[in-house]
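Participant: Below are the chains, spelled out letter by letter.
Number of protein chains: 2
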Amino acid sequence: MEEETNYGRLSNRKLCFMVFLMFFAVPAVKAVWPMPQMISSSADRYPLNPRMFVFQYSNGSSAQSGCSVLDSAFKRYFPLIFTGYMRAEGPRQHDDRIRFPLTDALFSVVVHVKEADCEGYPDADSSESYQLSVSSGLAALKASTVWGALRGLESFSQLVYQDDFGQYFVNKTEIDDFPRFKFRGLLLDTSRHYLPLPAILKTLDAMSYNKFNVFHWHIVDDPSFPYQSITFPDLSSKGAFHPYTHVYTQTDVSRVISHARLRGIRVLPEIDSPGHTQSWGKGQPGLLTPCYKGPAPSGTYGPVNPAKSSSYQFMSRLLKEVSSVFPDSYIHLGGDEVDFTCWKSNPEVQGFMQKMGFGTDYTKLESYYMENIVNITKKLNKTSIVWQDVFDYHEQIPVDTVLHIWKGSPTQIQQELSSITLAGYRVILAAPWYINHITIGQDWTIYYSIQPLNFTGTEQQKKLVIGGEVCMWGEYVDATNLSPRLWPRASAAAERLWSDERSTSSVTDAFPRITDFRCTLLRRGVQAEPLYVGHCREEYGGI
Amino acid sequence: MEEETNYGRLSNRKLCFMVFLMFFAVPAVKAVWPMPQMISSSADRYPLNPRMFVFQYSNGSSAQSGCSVLDSAFKRYFPLIFTGYMRAEGPRQHDDRIRFPLTDALFSVVVHVKEADCEGYPDADSSESYQLSVSSGLAALKASTVWGALRGLESFSQLVYQDDFGQYFVNKTEIDDFPRFKFRGLLLDTSRHYLPLPAILKTLDAMSYNKFNVFHWHIVDDPSFPYQSITFPDLSSKGAFHPYTHVYTQTDVSRVISHARLRGIRVLPEIDSPGHTQSWGKGQPGLLTPCYKGPAPSGTYGPVNPAKSSSYQFMSRLLKEVSSVFPDSYIHLGGDEVDFTCWKSNPEVQGFMQKMGFGTDYTKLESYYMENIVNITKKLNKTSIVWQDVFDYHEQIPVDTVLHIWKGSPTQIQQELSSITLAGYRVILAAPWYINHITIGQDWTIYYSIQPLNFTGTEQQKKLVIGGEVCMWGEYVDATNLSPRLWPRASAAAERLWSDERSTSSVTDAFPRITDFRCTLLRRGVQAEPLYVGHCREEYGGI
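Going down the list, the protein sequences come from chains E and P.
One point on numbering: in UniProt numbering, the residue at position 299 of the first sequence is 299, and numbering is uninterrupted.
One point on numbering: in UniProt numbering, the residue at position 477 of the second sequence is 477, and numbering is uninterrupted.
FYI, nobody ran anything at the bench for these hints, they're computed from the structure.
Possibly wrong hints are sitting among the right ones.
Unchecked claim - Looking from chain P toward chain E, a few residues come up when the C-beta cut is under 10 angstroms (computed):
hint	residue
1	P243
2	Q250
3	D252
4	V253
5	S254
6	A307
7	S309
8	Y312
9	F314
10	Q527
Said to hold, decoys possible - Once the Cα atoms are required to be at most 20 angstroms apart in a straight line, the calculated SDA-like pairs of lysine to any residue come out as:
hint	chain 1	residue 1	chain 2	residue 2
11	P	K238	E	D164
12	P	K238	E	E538
13	P	K238	E	M38
14	P	K344	P	V402
15	P	K202	E	K172
16	P	K202	E	G541
17	E	K238	P	G294
18	P	K182	P	E459
19	E	K238	P	R537
20	E	K172	E	K182
21	E	K202	P	E459
22	E	K202	P	I543
These numbers were taken from a predicted model, which means no experiment stands behind them.
Don't be surprised by glycine CBs; every beta carbon is placed ideally from N, CA and C.
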């Protein structure tokens, strides 16, 4: 890559090799991304006629017509399966009959679901497994939950392709599929930059194409507080970048939650404290710790003031609202990067340290604060997720708390995985997938090559790694560059988290498949950037 | 940046400092980017009423109504000056009269141009200087050419701002402005990825907001040949990614040229040879050198075959077409990165080397080839621009040839600048602005801090540096990520190339101005990515 990084141009040799690979980008048999656990397909292909194509519920299925999740999925997937069809000529065009003669046989996608949870929300234990059997005239899709059925519909939609004459085909295929990890998250940061609602909804769409199932909403932080709280409206009216144009109303939030639900995606809210709370101070005077310069307040503020009982009362009222607004049974409580300088400078905090017998160990103070917040959350019948810092300080926290690894060198990350799981805590791995860190070149291969379970530990410990998360921090990202930075780079992590590592270990094998999948994303209107030199049959049109 | 590059999150201290800076992002007096050579503005401001605002030609102006360049500029700049006005309510809305009473005084932008070149094209010597004087009810804009008037209109449009109630204002201002460098280029690469026409046209729009004046169209290269040639239609029908969807027809090309002309932008075509021509071979058998493996051809091809007279006949016919299609008096002939391996392997080329007495020095062969191409171009009355490699090999090339520096360490670049200008050649500096090289963080500061004339040489030598160029190579860039990668990062180079280095040397002073300019770009529909944490009053809407 030397020449490349110096001149941004590649040697002909490397170029030819890669372009040679490109020609496999549109294979005879359409691949599925992320790779299913088991897939076998033959060269036998069946033509599909959009006008002779139906979704159906099988007789035995507990979900039947009226199932909101699947009915809307059918509506959504028809134009995704028959891309270009609606756009190019619309379903009722005259020449449509010539192109797709009614004499064609009917093709049915028959869905069978065991437990119909059509009005519920996906949760941490929801099964997403499914079986898909595509034969002449029939695609039989079986799943134990509607969430599994959604994953199967996504896989089916990726199996359909058009030949050069525009005819749709699907090959004879057998798929038996389930996710490797239960938690496959993507974090968006709406505090460093405000993301308009459409940007969030489009991200949820793309997440579902990648089989991500958790939207980690890092909704507030130091720079701004866009969440419009019912209990504390001043937090956004004074703490957001703008009280009207740069906030998420309750309506906005419920739109995000229901958009996500229909795609089998959980919405995990993060209320990060005691640090990362500068913006909170504007709407909630007295919450943050006044920093002192010698004997007098300096006028600046630090983390939430852990010495005041009012802080905990505020937090418990805020968390009570959040846990009623967000249906998920988990809440992310943050707890990262607490700067002790301001606490140390404050006489009230110093006095509290004495009173509590913490001496001068401020990690004890942070522990004390976080324990309180975690217990508040527990009383609200929610399970806590916290950044690894909370474990690193050895707080006494409930054993069902989930730790979130966000920092360290590869070796440090392995050690952290070992020690956290050894202590019996469940863990989510985010550190290797800080996707806001961009470089020129094919950095997707880095995200693809991560081995989440490659650390010293027993089988039992490995089971405690419940998944991973792609993090898109917002310092340099807003609606202008979110999509091309996310996709298809995050797709590499998506396959790592869903698929069997043994069958997806080769970057070279993955390259033509992810290149083809990126073209699929483009066709679906996702502004997914190119992986390397080449083209898609349909380039991005949204210019 | 350690913490940032490790964790993608910044310390509160740095965050606060930067956010503090942000508050200067919308100054009382609107700044102009790139910074004019001389600007003085007072706090006196005049309200502007869109319904009482006119563009006029002064009586003495040689350009009058009917001047295509300026008439269309007036039409273009009205909605740019009164952003939100057309969109929000349209010019004829009822409440418009209430908001903008007709009793308001008329405000006129009166344009005076010395030489009316209304139907011509901007060229290498076109003056772009202008004087702008904004006072009560009048903005007097004087320029010697229509191209200078365009620059003045852009500056005026940036002076206008809205207060929190939506009222438009402009402050009393005096500007005397001219570009530091005559050549301020931006390169797009349409071979590694095809860029749909709208992506190119939108880039030209954004270039004009940044006062760039040369669109360097690297139109063909190894991966694809999208230029649809009249003389050699097979080049694109066989060498493009797709013969219909991924080509530039003659109509497309003339649209680009006229769109650029109306914005005072030259279109400089690059026909890069003898290397970077793999895609040419498909449509022009016999042009490329067959590479040999021992005694037999290996089936692969190298650069254009310099031993065949047919190669030069082909090139002269192709260049003849190109020089008639593109009106600019310059043509870029490439000449970079020629790999000698294939030439060395080919018996015919070996024989030619003997015949010419080049011994085994293949740089002599490349020199011979490039001299021929440059002379062909000279006969077509065009001036050649070539990449620095051509100079490095000491070819005998006409002294009016322009050298284009694209590689090397800062020190190497300084030496190259010294030696090229010492030899009396004019030079364009591109190497420091390879903007396809992305990193996390504020890399715009790197592009901003370049000092193009910081090399050892006489005043006469420095004068030979005619400008610089931002290069967006296409390995990892297409329509999905072009705009956010270009803007506002290229804007940093734009100011360096237009403005006085002494008054624009501080990155800290530039930060709030470029942050504000980036919001201006957003308002104008340019998908310009954020520079750092913060927000714009109007976020990007094109989601």
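Participant: Each of the hints needs a verdict: does it hold here or not?
Facilitator: Tested hints:
1. Annotation: interface hint on P243/P violated; nearest CB of chain E at approximately 12 angstroms, more than 10 angstroms.
2. Taking 10 angstroms as the C-beta cut-off, the interface hint given for Q250/P is violated, the closest approach to chain E being about 21 angstroms.
3. Because the smallest distance between the Cβ of D252/P and any Cβ of chain E comes to about 14 angstroms, over 10 angstroms, the interface hint for this residue is violated.
4. The interface hint given for V253/P is violated, since its Cβ lies 18 angstroms from the closest Cβ of chain E, which is over the 10 angstroms cut-off.
5. For S254/P, the interface hint is violated, since its Cβ never comes within 10 angstroms of a Cβ in chain E; the closest pair sits about 20 angstroms apart.
6. Against a cut-off of 10 angstroms between C-beta atoms, the interface hint on A307/P is violated, since the closest Cβ of chain E lies about 20 angstroms away.
7. For S309/P, the interface hint is violated, since its Cβ never comes within 10 angstroms of a Cβ in chain E; the closest pair sits about 25 angstroms apart.
8. Here the hint on Y312/P is broken, as its CB sits about 22 angstroms from the closest CB of chain E, past 10 angstroms.
9. Of the supplied interface hints, the one on F314/P is violated, with its beta-carbon coming no nearer than about 20 angstroms to a beta-carbon of chain E, more than 10 angstroms.
10. Look at Q527/P: its Cβ gets to within about 5 angstroms of chain E, closer than 10 angstroms, so that hint holds up.
11. For the hint pairing K238/P with D164/E, the CA-to-CA distance comes to about 17 angstroms; that is within 20 angstroms, so the pair holds.
12. Restraint check for K238/P and E538/E: satisfied, since their Cα atoms lie roughly 19 angstroms apart, inside the 20 angstroms limit.
13. Between K238/P and M38/E the CA atoms are separated by roughly 40 angstroms; this puts the pair beyond 20 angstroms, and the hint is violated.
14. In summary, the hint linking K344/P to V402/P is not supported, as the alpha carbons are separated by about 29 angstroms, beyond the 20 angstroms threshold.
15. Between K202/P and K172/E the alpha-carbon distance is near 45 angstroms, which puts this suggested pair outside the 20 angstroms criterion.
16. A C-alpha spacing of about 13 angstroms is found between K202/P and G541/E, which places the hinted pair at or below 20 angstroms, so the restraint holds.
17. For a cut-off of 20 angstroms, the pair hint linking K238/E to G294/P is broken: about 76 angstroms separates their Cα positions.
18. A hinted pair counts as satisfied when its Cα atoms are at most 20 angstroms apart, and K182/P with E459/P qualifies at roughly 17 angstroms.
19. Straight-line distance between C-alpha atoms of K238/E and R537/P comes to about 16 angstroms, which keeps the hinted pair within the 20 angstroms bound.
20. The hinted pair formed by K172/E and K182/E fails the criterion: a straight-line CA distance of about 29 angstroms is larger than 20 angstroms.
21. With a CA separation close to 56 angstroms, the supplied pair K202/E and E459/P exceeds the 20 angstroms bound.
22. Taking the CA atoms of K202/E and I543/P, the gap is about 8 angstroms. The hint holds against a cut of 20 angstroms.
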